[in-house]
Structures are given as structure tokens and as C-alpha cells.
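Chains as they are written, first to last, in our numbering: chain A, 1 to 131; chain B, 1001 to 1278.
Worth double-checking, as some hints may not be accurate.
[As the list claims (entries may be wrong)] Sample of chain A residues facing chain B (criterion: CB under 8 Å; computed from the structure):
| hint | residue |
| --- | --- |
| 1 | Y29 |
| 2 | Y37 |
| 3 | S100 |
| 4 | C115 |
[What the hints assert, rightly or not] Simulated crosslink set (PhoX-like; lysine-lysine; CA at most 20 Å straight-line):
| hint | chain 1 | residue 1 | chain 2 | residue 2 |
| --- | --- | --- | --- | --- |
| 5 | B | K1041 | B | K1100 |
| 6 | B | K1127 | B | K1091 |
| 7 | B | K1106 | B | K1013 |
| 8 | A | K111 | B | K1091 |
| 9 | B | K1253 | A | K111 |
| 10 | B | K1017 | B | K1091 |
| 11 | A | K116 | B | K1127 |
| 12 | B | K1017 | B | K1078 |
| 13 | B | K1078 | B | K1041 |
| 14 | B | K1106 | B | K1078 |
| 15 | A | K111 | B | K1127 |
| 16 | B | K1127 | B | K1017 |
Hints are computed from structural coordinates only; laboratory data are not their basis.
Where a beta carbon is used, it is the ideal one built from N, C-alpha and C, also for glycine.
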Amino acid sequence: MEHQITKHGSRVFLAILIILTGWGLNSCYYDNVEELYPNPPTCDTTNVTYSGTVAPIMAASCNSCHSTTSASGGIITDNYDDLKSLVDGDRFWGAINQQSGYSPMPQGAEKLNDCKLAKIDTWIYAGAPNN
Amino acid sequence: MSISAQEDTTSVKEETKYTSSFFETTRIVLGQSIENPEHGKLIFLIQHHFGRVNTGIYEFFGLDQATIRLGLEYGINKWLAVGLGRSSYRKTYDGFVKAKILRQSKGARNMPLSVSYFGSIAINTLKWENEELENYFSSRMAYTHQLLIARKFSPSLTFQLTPTLVHKNLVRTIEDKNDIFATGVGGRVRLSKKLSLNAEYFYVFPNQIVSRDYDNSFSISLDIDTGGHVFQLFFTNSNPIIESGFITETTGKWTSGDIYFGFNISRAFTLVYPNDVW
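So that you can see chain B by itself, here it is in the shape it has in the complex:
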């Protein structure tokens, strides 16, 4: 890129400086961050949390139970990434695409925000509750569409807004909406070169989920970058780990102590060395 810029003009031309490192990794806590796996890099992600801390000493404050998602995500090029995962919550398989639309930049091109699209499909593979009914495979599926809109205000402060649409093919009652609109807000405060504090909150707009209890998801995490790995130690009130779950099926309440402690571990492997390093 810099070569072509130099060739284009003999006079001093301003270069575009793209902002990078909005977040340590591809997740803020549970939700997607604006970061993609870099071109040619495969990220192996272990997302894991224990049971509720308010179950007390008998359950060792939740450590007797675990919910886990194993995931792989790959940067196909500098703007497109794909991922696959399997969570223990409802034995769910998921696949996603994540595409960069705009990149925050300064210089020749001035762009105040980075914007990406995230779309995922989740397939619940639990046994049918009632096998005598005519059950449809489509009833297992849920979709999530998100716009990730982020701005890095300073080297230590990033903010992200995440308008979200979750579609469920099957809901319980006529009053329940198949399309559920929500919005996420999240951010990162960098404490040092290796440490960041992240938080995120998903607000589900009212009167969409009627037949069951739910609560909005709120999570905080401490990110530790060890060089090769990123560890995220977090607290959340959400049991599910994938988007269609934790945004619309969170039942824990922070005020009642229904808090799960967990950690994400992500490790990047370089599969392809791109010529066009950015």
C-alpha cells in the first residue's frame, strides 16, 4: 500500500493511518468485538464459565459445574473472517461470518468509526422434548445479525455500539416475537500494556419475549495479554455463550447473585503469511 502511494505522486502525499487494536481479542467479553482474526491467522478460542457463585459452598460457589464453547475462527483476508463453534449450552453448533465495512482512520481518508457486520447461525441439537410431535429441523435454528460500530477514542479507551437482531424460527407463544431486537454497548479501558478492563451490556427492547423470564446480559472482564495468548477473566449473569443465547435467554440476575465466573482463552496460529501486511 505504501509503495503504490509513493508511486502515485511525487509530491508529499498524506497517507491513511488506520486505527488498530480496538480490543485485545475478537470478544469484548461474551459478545463480538470489532476485531477480526488477522489475515491468515486461525484463532482457537476456549470460552468457559462455571456455575452460579450464589449456589454457595456446597457447589463450591459454582465450580462444580461448567459451560463451555470451543471455537475456531479464521481471517480469510483482511476484511472477512469466518468461525465455527460448539457450546455445551443446548448442545449448540454455530457458524458465523464477520466482515469489515469501514475502518477508523486518519490522514488521507478520515473515518471516525469502524463498522463491521456479524452474522451467525446457531443449531441446537438437544433431543426433542416430545418425540411424538412432528418436529422440524428448522425449529432448532436461530440467527443473529449485528452491526459492530466502534470508535477508539484514545490508546486506552474504546467504545462499541452493537445493534442486534436475533431471529428464532420457533418461539413458544403467539405473543413472543420471532425477531428480537436488542442493542449492546461495550467498551475497553486499557490499564497497562498487558491489562485491559472490558464491560458490555445487551439491552433487549421490551414486549418481545413474553412467555418466559429473561434478564439483560451484563459482563465485565479483565483481559491479560501474555503475548501468545489472551486470557479474559470475567463475571457475567449469562449462562449461554453464543449470541442468540446470551442476548435473549439470560436468566440470572446480578442483584440476586446469579453470577457466573469464567474465562476465555484465545490463541492465534499463523496459517498463511499474507504479503499485504497491514
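The shape of chain A in the complex, shown without the other chains:
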């Protein structure tokens, strides 16, 4: 009895291993962004505005947690006045750049890409105007 169970068990084990390996190899890809998307859009940091540039980035990556109605950590990014006071308050740039000593944002997601950060940087450098 003992031997039968052992024999049976090892067969099942082998079958599972073969199936898993097969599936694993089948769904395995060796892609990279540079080759998969060879013509990245150029990063245009001219004509950066709050309404046209910054607000859409906030809407896509920040407002789901930091809206006026549910402000995680008391932080609000879905309107100009609150975002401006955040930018002036000095923790904003460290957080979205995921620097040491800051809470890396967006939390649990990829860091904003270089182009988005460059646009936000341009806007802050211009004095974070409400335009």
C-alpha cells in the first residue's frame, strides 16, 4: 500500500511538473520596451500648463487616492489650490521622485516616467502657475 501511494504520487508529481514547465515556457517572453516600442514620442516640455499638462497627470496617477472626497494622508491633488500648497510645502517633489526620506509616490505603482516628471518640473520651475 505504502509503495503504491509513493509510486502514484511520483507519477502525479511528474505530470504536474511537465504541465507547469510547458505552460511556463509557453507564456515566457523576452521583451524590452526599447525594442517593443521603437519610436517613443518625444518629450515636449514647452507650453506646459496646469490645466493641459499637470492636471491630467494628477488625474491619471494621483487623484484616485488624493481627491477632495478621500484624501489619503490628508493630501489633495485634484484641484489647483491644494496642489499648489503641496508643491510649496516641499514634500511633493521628493515623493514623486521617490527620494530617500519621502513616501515614494504613486504608492505601489511605477514611478512617473521621466517625461512626466520633466513636465512637472518645468511647471514648478515656472512658479506652478494656474494656467
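Go by the hints and put chain B onto chain A.
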């Protein structure tokens, strides 16, 4: 097993004594330990940590933020376990299998080590960063393969080596490797019947992750076994909780104080009472 051993021979035959209780639970801290859920047992696991302690009093040393993984794992038989989980980090779903290959034993069969295989698939379900591109579902997936090689040197000391391969279907640049090799070392020192001190470190071999910053994951924990539950109170520099994340995507540095405080809670439920108790 003991019955068949007695039937086999009339003379005094040495029995195989398998080593057990390498670790308190199925995790050393973040990483897998050699332990499987026992046959017929379902473990409900809450893995949770707060934000970085160096964010200071304004963020209440990280307690304003949390990263969590909820998981279920089940021992299908005495050598095979499966698990499912969902982490808040990159809204990731994961599934895994964990199979015992060798068991440390003494007596009739002498085996110096226990060895298990661990394999997992993780699927990131964040919205695509750029929806105008042709995005592929395969780009969301990452795989982890590990050998868990453990030895219990004494009732109070266990050591584990964890050679690891993480495969990512999509990486950023040509220079970044899709297959990332790493190795983990970890262990447990038992302080008392109820308390253990665990530590683990994952070393990523160099020149594989090129386009972004990463740091090796190091975690320490205090395990408290209350009988029904195991609590693990830990400190780590890793924000992700699943293998493909904390091994290759850790960005915090211990030296800068990018340390997360957290705890795992695991609770075992008996679903099936196996006849063959071991």
C-alpha cells in the same frame, strides 16, 4: 508508515526520523521558507507593512501608509502545496506551487538537507501607463523559480539557501535582463518555545538590472507563535511583498533609513484530516 515498517521485518529495524519545524511558518520574513502548509490545512496569511520610518513624524514614521498582501495557501498532500494572493503593490495577483523534493532525516534514511521547489506567477493589474500603445497581457507577468535548501542544525538553529531565478516578460531597455538570477540566505534562531528571530537577505547578481535603481532586500523578524496564530513582526527595506518584486524591485536603503515596519499574521484552518499524519 510505522505499521508497514513493523510488518516488513521482525528484527529491530531502524526507522527514518524526519526533521520538522524548520521555521514557525511558511515565510522566513518576506521570502518562502522550507515549510509547507500541512496536508489538509489552509493557511490564511495577512502580510502587511507600513511606510518608510524615515518619513518622520509628519507621516507618523510611515504608519500613514500601508502595503498589504492577502494570501491563501493549502497543503494538497504531504509534499505539494498551492497558494494564491493579491498584493496592493502594483495591484498584483499571484499564484504558486511549492513541492518538497527531499526531507532532512536520520535513521534508516540519512538526508542532511531538505530541498523544495517553489514556482510562482505574478500578474500586475495596474492600468497601462500609455493606453495608446499596443500593450500585451504578457507584459504584466513575472515568474519566480526557487530552490529552497534548508538544514536544521539544532532545535534552535535553521539555515536556508535560496537560489532564485526571476523572469520578467517585459523590461525597460535592451541592457536589462529578462532573466534575473539571485540568491537568498536566511535563517532562524529559536529564542524560546514561542519566540524566534529570523533574518533573510537576497543578493541580486550584478549587471542584470541596469536601467533603474535597486537595492538588495534585507529583512529581520521576530516570530511569535501563539498556538493558533503566528505573528511575525519585521523590519525590511523592501516595499513589494511578492518574490518577483522584493528580490528585484527593492529601492529602499537600510543605511538611509528607508525601513518599513510590518507584520505577517498566519492562521491555519484544518480542512481535511489526513489519515497519514506525519
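Each hint, compared with the structure:
| no. | hint | result |
| --- | --- | --- |
| 1 | Y29 | 4 Å, holds |
| 2 | Y37 | 6 Å, holds |
| 3 | S100 | 4 Å, holds |
| 4 | C115 | 10 Å, violated |
| 5 | B:K1041 - B:K1100 | 16 Å, holds |
| 6 | B:K1127 - B:K1091 | 9 Å, holds |
| 7 | B:K1106 - B:K1013 | 13 Å, holds |
| 8 | A:K111 - B:K1091 | 14 Å, holds |
| 9 | B:K1253 - A:K111 | 17 Å, holds |
| 10 | B:K1017 - B:K1091 | 43 Å, violated |
| 11 | A:K116 - B:K1127 | 16 Å, holds |
| 12 | B:K1017 - B:K1078 | 15 Å, holds |
| 13 | B:K1078 - B:K1041 | 10 Å, holds |
| 14 | B:K1106 - B:K1078 | 18 Å, holds |
| 15 | A:K111 - B:K1127 | 13 Å, holds |
| 16 | B:K1127 - B:K1017 | 52 Å, violated |
Checked against the numbered hints given earlier, this structure breaks hints 4, 10 and 16; the rest are met.
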